[in-house]
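*Asks:* Using the sequences plus the hints, can you model the full thing?
There are 4 protein chains.
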Amino acid sequence: MDVIRREIEKVDLKSPIYIEGLPGVGYVGKLVVDHLIKELHAKKIIEIYSKYFPPQVLIDNNSVAHLVKNEVYAWKNDKGGDDLLFLAGDFQSVSSEGHYELTNTYLDIAEEYNVKRIYTIGGYGVGYILEKPSIICAVNNESLLDELKGYNIEFKKEEPGGGIVGAAGLMLGLGALRGIEGICIMGVTSGYLVDPKSAQEVIKTLCQILDIEISLEDLEKRAEDMEEIIKKLKEAEYTAKGAVKEKDESFGYYI
Amino acid sequence: MDVIRREIEKVDLKSPIYIEGLPGVGYVGKLVVDHLIKELHAKKIIEIYSKYFPPQVLIDNNSVAHLVKNEVYAWKNDKGGDDLLFLAGDFQSVSSEGHYELTNTYLDIAEEYNVKRIYTIGGYGVGYILEKPSIICAVNNESLLDELKGYNIEFKKEEPGGGIVGAAGLMLGLGALRGIEGICIMGVTSGYLVDPKSAQEVIKTLCQILDIEISLEDLEKRAEDMEEIIKKLKEAEYTAKGAVKEKDESFGYYI
Amino acid sequence: MDVIRREIEKVDLKSPIYIEGLPGVGYVGKLVVDHLIKELHAKKIIEIYSKYFPPQVLIDNNSVAHLVKNEVYAWKNDKGGDDLLFLAGDFQSVSSEGHYELTNTYLDIAEEYNVKRIYTIGGYGVGYILEKPSIICAVNNESLLDELKGYNIEFKKEEPGGGIVGAAGLMLGLGALRGIEGICIMGVTSGYLVDPKSAQEVIKTLCQILDIEISLEDLEKRAEDMEEIIKKLKEAEYTAKGAVKEKDESFGYYI
Amino acid sequence: MDVIRREIEKVDLKSPIYIEGLPGVGYVGKLVVDHLIKELHAKKIIEIYSKYFPPQVLIDNNSVAHLVKNEVYAWKNDKGGDDLLFLAGDFQSVSSEGHYELTNTYLDIAEEYNVKRIYTIGGYGVGYILEKPSIICAVNNESLLDELKGYNIEFKKEEPGGGIVGAAGLMLGLGALRGIEGICIMGVTSGYLVDPKSAQEVIKTLCQILDIEISLEDLEKRAEDMEEIIKKLKEAEYTAKGAVKEKDESFGYYI
Chain W
1 MDVIRREIEK
11 VDLKSPIYIE
21 GLPGVGYVGK
31 LVVDHLIKEL
41 HAKKIIEIYS
51 KYFPPQVLID
61 NNSVAHLVKN
71 EVYAWKNDKG
81 GDDLLFLAGD
91 FQSVSSEGHY
101 ELTNTYLDIA
111 EEYNVKRIYT
121 IGGYGVGYIL
131 EKPSIICAVN
141 NESLLDELKG
151 YNIEFKKEEP
161 GGGIVGAAGL
171 MLGLGALRGI
181 EGICIMGVTS
191 GYLVDPKSAQ
201 EVIKTLCQIL
211 DIEISLEDLE
221 KRAEDMEEII
231 KKLKEAEYTA
241 KGAVKEKDES
251 FGYYI
Chain R
1 MDVIRREIEK
11 VDLKSPIYIE
21 GLPGVGYVGK
31 LVVDHLIKEL
41 HAKKIIEIYS
51 KYFPPQVLID
61 NNSVAHLVKN
71 EVYAWKNDKG
81 GDDLLFLAGD
91 FQSVSSEGHY
101 ELTNTYLDIA
111 EEYNVKRIYT
121 IGGYGVGYIL
131 EKPSIICAVN
141 NESLLDELKG
151 YNIEFKKEEP
161 GGGIVGAAGL
171 MLGLGALRGI
181 EGICIMGVTS
191 GYLVDPKSAQ
201 EVIKTLCQIL
211 DIEISLEDLE
221 KRAEDMEEII
231 KKLKEAEYTA
241 KGAVKEKDES
251 FGYYI
Chain D
1 MDVIRREIEK
11 VDLKSPIYIE
21 GLPGVGYVGK
31 LVVDHLIKEL
41 HAKKIIEIYS
51 KYFPPQVLID
61 NNSVAHLVKN
71 EVYAWKNDKG
81 GDDLLFLAGD
91 FQSVSSEGHY
101 ELTNTYLDIA
111 EEYNVKRIYT
121 IGGYGVGYIL
131 EKPSIICAVN
141 NESLLDELKG
151 YNIEFKKEEP
161 GGGIVGAAGL
171 MLGLGALRGI
181 EGICIMGVTS
191 GYLVDPKSAQ
201 EVIKTLCQIL
211 DIEISLEDLE
221 KRAEDMEEII
231 KKLKEAEYTA
241 KGAVKEKDES
251 FGYYI
Chain H
1 MDVIRREIEK
11 VDLKSPIYIE
21 GLPGVGYVGK
31 LVVDHLIKEL
41 HAKKIIEIYS
51 KYFPPQVLID
61 NNSVAHLVKN
71 EVYAWKNDKG
81 GDDLLFLAGD
91 FQSVSSEGHY
101 ELTNTYLDIA
111 EEYNVKRIYT
121 IGGYGVGYIL
131 EKPSIICAVN
141 NESLLDELKG
151 YNIEFKKEEP
161 GGGIVGAAGL
171 MLGLGALRGI
181 EGICIMGVTS
191 GYLVDPKSAQ
201 EVIKTLCQIL
211 DIEISLEDLE
221 KRAEDMEEII
231 KKLKEAEYTA
241 KGAVKEKDES
251 FGYYI
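Protein chains in written order, with my numbering: chain W, 1 to 255; chain R, 1 to 255; chain D, 1 to 255; chain H, 1 to 255.
You can trust all of the hints, since none of them are fake.
Only pairs whose alpha carbons sit at most 30 Å apart, straight line, appear in this in silico DSSO-like list of lysine-lysine: (1) H:Lys232 to D:Lys156; (2) H:Lys149 to H:Lys79; (3) W:Lys38 to W:Lys232; (4) D:Lys157 to H:Lys43; (5) R:Lys79 to R:Lys204; (6) W:Lys221 to R:Lys156; (7) D:Lys232 to W:Lys157; (8) R:Lys156 to W:Lys38; (9) D:Lys132 to D:Lys157; (10) W:Lys156 to D:Lys38; (11) D:Lys221 to W:Lys157.
The set of hints was computed from the structure by calculation and includes no laboratory data.
*Replies:* Below you can see the structure in the form of structure tokens.
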């Protein structure tokens, strides 16, 4: 079992836009896409299981165990704008090779749904707490740069210097080999903490680009809740590894 | 050779219950299942060898080398209750991907024997020595929760926070994909030491659930013996890694 | 997708000489081959993508993401000397097994182009800053040693003591199994720093061997530029790993 | 290329005994088998290359690069005793799974040559310098124990406590699954240093068992030479890893 796809439902979409948000730096991608899925009431259409994920189940509120997975959600745009596909999930691959295999699965789905554009969402960790949120961007085709001007996006030469690692990067790189346009939108973040503030900034810009409206009213509170939840998860995880990031008074503030 | 199954004997069982107990946190699962196999005089029916196990043999009392393996044992219930299958062994997979491959082998066996229910046994390491043994539980189907009420089992939201890693978790997760009911019973344990006391607690509860009787007379002594043996094994192992857990006076007592 | 070859152009070459220069000790191989490709205006003919490379894209000056890759360039020699093939790229394999798989791809290309000789370029890290650049050499067939005499190359018994790791070594070793002659030219280098000075020394000797002329005028400056660029890359990389090599006053000078 | 077998020569042997000695604890196995091959002038019949070996070449006295490999040698016994096959080489697998794959190759060769018995040679590291050399033993079939009595071999319950790792162990374990008898002879050694003294002790006993005569005159000196050579190799290797074992005055003597 390299990768198992479990089809939940078949939805008829018109050349949708595909938005990836898996766990990564600052959990920015995951926060953004999980929020969009919830607010838009997108429908789960595919579950992806793989031996490249960590070999474990996660336990929910009711003591029910769920095999680690990624999920694809679909949203039909009733107002004439673009239909959307979302890629969300618990984890990314634990192995280097698995990232390639899984991304090819994600792109197979893109081709099946005749996806015309991919947005991948990530965090760009700069190593210090930012005073003011900002967003940077990378594309897999220079012709895409023009349409990103006019939004609240900074363009920085050769940044991130270490490239973009994981699904957010590979969907652009492997997508280009398949002729699929891809844009990576990165919330600049410390890299130390889960960063819902950076996620909000990314959502605002993404919604402008997609011309959709998302309730922001609920967002601040949910961001706080999510932060609490994920911080607990991270604490548990890091405690085991002896790698807990302690509160550091030198930080100007906590997001 | 990904996985080699060596069939020792074919036994006719009636939709047995399948109980997994491989090495893991506190050796709880292994202690429980090895004890049940011995007390019930269950018959070995399958040996499983795999390149996902450590590349080594173990040496017994007579200087005979045995390839690292997992084993399946069968027990026919003469009193009209459920027949039992047991999964026991020396090690779990050394690689993340191997856990998935091996668990699929374990579940193939489940399907061949028309298993109606899986119990996986593990330890839940909390990081401190417990005053009083306790047991928690996870299921792979919410409908199973009801029948677990009335036993000495605590239900805790989202615990273990880090999920259940290895065969105990994956047999639930991958089992659900095959439509097999699964319950994981975890003895709460420090996680620092082999914990036969926690294993005894789990055995008592498991025997109530299964409605079987197991000699407990012998158990306390065997638990002590087992503890001695495995402690020696662990010492040898940890010494090599410079990771010996020294006696810590702050512990209230030693289990 | 183990390895993906993307053919850019088919070029007609006459039993070319194949020169490998991928990232490695002191970046010597990469500096040498990237310089030769640029100065000779060699044409890119093949791109190689693989799951054995790091799972990421790199970002260029224009915020365009490029999937990590290796590349083959061709150069037709108009003056009657040998045609050349170059192997260049961003990274080597991240896994031990991947080195073997990728090298077999490199050698498949060699056979398709009827390559008569391979030169692999690398750095030999000695652990201290050298006063005077020097070059050592290894061959995959003792009969090749004679023709290397008379050049500025030292022969040292059993050096490098640790062998030659990665593509530079495997192309000789696996090449020999296919009957392809191979010579590894190593610039002796500290191993601590990117070393364009050692690369220059290797280029001079290689050009003598190949009887080609390469502008050296531009080289010193480009070496300095390259050093600056790659040092930044390395800093970013090492910072993340907490493995930055700090300036050490005991070094006589910086190359 | 998982494993490549290169047949050098076909030799007609009569149910030979197969003796494995690859690098491992104290280099005991390698020292023993390399000495036997040299003294008996055994003929190389097979070379084994594999992606499971380190991805590198080794450099000899003449600057010739050799791909890392394992080798099988054959020796016909003209005096009516058993013919011998030897398994020697530069390295063992770098991955856990590779040990299984390679051992299956070694055993395929055993079956092709109708091998009737395997001896694997290893070192048993006890963590301190021994005053007096000793040998322990493990078998893959209890019936083999009897014939080992009367030799200078100690039998110790459950030792080595950590089992026997790598080819020396797996050839017994996987060999048993194929019905091939196997005995592992281990020279007890500190585990810190290459140990030709322990190797000599093993050779003496092995020659008694096999009823062959090996020049011992040359042995002491060659052991010293070998020790010098391999110590240098190890130093180079360990220096790179920052894991050099410094001279320790508490050692009573150096072997």
